[in-house]
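Peer 1: This is what each chain is made of:
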Amino acid sequence: MAAAGISMREAFGQALVGLAGSHPEMMVLDADVSASSRTVLFGKQYPDRFFNVGVAEANMIDIAAGMATCGLRPVVNTFALFITLKGADQVRNIVCYNNLPVVLAGTYAGLSDSFDGASHQSVLDVAIMRAMPNMTVVVPADNVEVRQALEAALRRDGPTYIRICRNPTPVLFEDAAPLEIGRIRKLRDGADLTIAVCGIPTYMAIEAAGRLAAAGISVDLLEVSTVKPIDEAALLESVRKTGKVLTVEEHTVVGGLGGAVAEILGRRAPARMDFVGVPDCFAESGPYMELLSKYGISTQEIESRARQLVEGVAA
Amino acid sequence: MAVVETASRVDIDRVLGEPDRGRKAAQLQHLAQQFRITVLDILHEKGTGHWGGAASAAELLVSLYFDALNVRPDEPLWADRDRLVVSKGHASCMLYTVLANRGFFPAGELSTFRQLNSRLQGHPCMHTTPGVDMSTGSLGHGASVALGMALSARVLRKIWWSYVLIGDGDLNEGQTWEAIMAAAKFKPPRLVALVDYNKVQLDGPSDEIMPMDPLADKLRAFRWNVAPAVYDGHSVADIFESFEWIRRQQDWPAAVIYKTHKGRGVSFMEDNAFWHGAVIDDASHATARAELLATLAELEAKL
Numbered sequence: 006m007a008a009a010g011i012s013m014r015e016a017f018g019q020a021l022v023g024l025a026g027s028h029p030e031m032m033v034l035d036a037d038v039s040a041s042s043r044t045v046l047f048g049k050q051y052p053d054r055f056f057n058v059g060v061a062e063a064n065m066i067d068i069a070a071g072m073a074t075c076g077l078r079p080v081v082n083t084f085a086l087f088i089t090l091k092g093a094d095q096v097r098n099i100v101c102y103n104n105l106p107v108v109l110a111g112t113y114a115g116l117s118d119s120f121d122g123a124s125h126q127s128v129l130d131v132a133i134m135r136a137m138p139n140m141t142v143v144v145p146a147d148n149v150e151v152r153q154a155l156e157a158a159l160r161r162d163g164p165t166y167i168r169i170c171r172n173p174t175p176v177l178f179e180d181a182a183p184l185e186i187g188r189i190r191k192l193r194d195g196a197d198l199t200i201a202v203c204g205i206p207t208y209m210a211i212e213a214a215g216r217l218a219a220a221g222i223s224v225d226l227l228e229v230s231t232v233k234p235i236d237e238a239a240l241l242e243s244v245r246k247t248g249k250v251l252t253v254e255e256h257t258v259v260g261g262l263g264g265a266v267a268e269i270l271g272r273r274a275p276a277r278m279d280f281v282g283v284p285d286c287f288a289e290s291g292p293y294m295e296l297l298s299k300y301g302i303s304t305q306e307i308e309s310r311a312r313q314l315v316e317g318v319a320a
Numbered sequence: 012m013a014v015v016e017t018a019s020r021v022d023i024d025r026v027l028g029e030p031d032r033g034r035k036a037a038q039l040q041h042l043a044q045q046f047r048i049t050v051l052d053i054l055h056e057k058g059t060g061h062w063g064g065a066a067s068a069a070e071l072l073v074s075l076y077f078d079a080l081n082v083r084p085d086e087p088l089w090a091d092r093d094r095l096v097v098s099k100g101h102a103s104c105m106l107y108t109v110l111a112n113r114g115f116f117p118a119g120e121l122s123t124f125r126q127l128n129s130r131l132q133g134h135p136c137m138h139t140t141p142g143v144d145m146s147t148g149s150l151g152h153g154a155s156v157a158l159g160m161a162l163s164a165r166v167l168r169k170i171w172w173s174y175v176l177i178g179d180g181d182l183n184e185g186q187t188w189e190a191i192m193a194a195a196k197f198k199p200p201r202l203v204a205l206v207d208y209n210k211v212q213l214d215g216p217s218d219e220i221m222p223m224d225p226l227a228d229k230l231r232a233f234r235w236n237v238a239p240a241v242y243d244g245h246s247v248a249d250i251f252e253s254f255e256w257i258r259r260q261q262d263w264p265a266a267v268i269y270k271t272h273k274g275r276g277v278s279f280m281e282d283n284a285f286w287h288g289a290v291i292d293d294a295s296h297a298t299a300r301a302e303l304l305a306t307l308a309e310l311e312a313k314l
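Protein sequences appear in the order of chains G and R.
For the first sequence, our numbering begins at 6 and goes up steadily by one.
For the second sequence, our numbering begins at 12 and goes up steadily by one.
If you're looking for bench data, these hints aren't it; they were derived computationally from the structure.
Note that the coordinates shown come from a computational prediction; the quantities given were computed from them, not determined experimentally.
Beta carbons are placed, not taken as given, at the ideal position from N, Cα and C, and that holds for glycine.
Honestly, I wouldn't trust all of these hints.
Claimed, not checked - A few chain R residues that face chain G, going by a derived Cβ cut-off under 7 Å, partial list only:
| id | residue |
| --- | --- |
| 1 | H152 |
| 2 | V156 |
| 3 | L158 |
| 4 | A190 |
| 5 | T298 |
Turn these sequences into a full structure, and let the hints steer you where they fit.
Peer 2: Set out below in structure tokens:
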């Protein structure tokens, strides 16, 4: 696994610049965080297509919606928490209700705005976005996927939420087939347990699956980059084989990937499940990796929960 | 149901082709009153909907769709059309009545308002109703959306107009002021806010619920080009004058404030917050209808 050079937000900012030429209808909006979201890169090169609306997220999202009705392809940028909460009415009533092709790029997602503390950390965005009809929710696991997610989102006719990490993280998919919206990526074949993961913890799940294999537990490892609409067929195929699922995400255990998986399995293929994610609480300030670990997201935690599931021990 | 007062096709074509501004104003004044009766009948029959805000916007919506807006009813999504965002979405029944009579969909469909399986949702929905440029209902969205449309025109080098019809409730919403600030920053040409300023909201008079005065001063302080006159939003002749003012402007964004009356046309409903969304009972309907018909006869005599 290659060490990351640049952060995921930087990769996204570069992707906007890279796609500007081939997508003249793409407009970029930001709410006074362009230096953080890295849309500043696009704004400098394409000032006529860049709109910094100040700290006014609701307004930004509806301006983008108005643009989308006129044939433009706006990409809205601010912190994930603010898109999903300050802009929730706009996302629901204007963007989703009208099924408008707006890309909502939620940066500093999960616990990645770690030092800023709970006021900025976004661990419920997937749950909220997932509940919006017409919304597609994409959670890239690395810089390669974030670029591909943007490109794919620009080809879609409806709204897409892309979840972006603030920090440098391992690059996993440089040489892999490109991310496809709505498709699960199978990372490892196994029979004892399914691990379904999205986002940054994907590299942890890969590590954990390796350790588990060494201990004789074979993991069917699924990277679920599209949490909605979820790739039901690939999920069911895996779970019918293993009968046990551990979901892993940098999100509250309420309503995120774990919820999405449980909703399907409850109806179609009931299975033993457990959930690695942030407990139902507010986190705190601290270094990113230590924060993830304290709030339940680490290779060790995945490995230990997986063992408990396989061995039938209550979590 | 018998929506007997809906205008005939002949009336509509005559109005649209009328070259004389004075005569056209009189005809639209008459049409707006006809539409009030249609709306009153629909709301009475359905037992649901918003009379106050619909009646308040009658002349404005009629003047926009029958005079100002460059639209094609047989091609509602025509890319170069003028846009109107009715941010006070609770005026839906009047908007639908105007759109149907303008030719966007059959007037016979108006009686399905708020029914299951109808294209005419309680609040405007752009995906179900031809002619609706933006779904509204949750207040405060319209100015931002219209700003996005006006910015699009500039980016795409188009000359369509982007109008937003704003009500008192909209003006309470913080987002409206975010949009007002942003519009003054970006200054897209042909962005116009039309304020249906009846000063009554759901819970009571705006001066009690959330005073907005001095509205023109506030908009000017936010660097909008505000029409120096306050126009009578129930006089089509006055509205025509405001349109002429709008056409003369070079400084954007522009705003026009119209003095209106919630529930206009029915003495006991006018300026009365109760009739924001109250069910119109049989007795109130009969009395209100008689009043509206009497005014209609007066307007007819002036044609």
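Peer 1: So, for every hint listed, does it hold in this structure?
Peer 2: Comparing the hints with the structure gives:
1. H152: holds (5 Å)
2. V156: holds (4 Å)
3. L158: Where the cut-off is 7 Å and the nearest Cβ of chain G is about 5 Å from L158(R), the hint holds.
4. A190: This interface hint holds because 5 Å falls under the 7 Å limit.
5. T298: violated (36 Å)
In terms of the numbered hints stated before, the structure departs from hint 5 and from no other.
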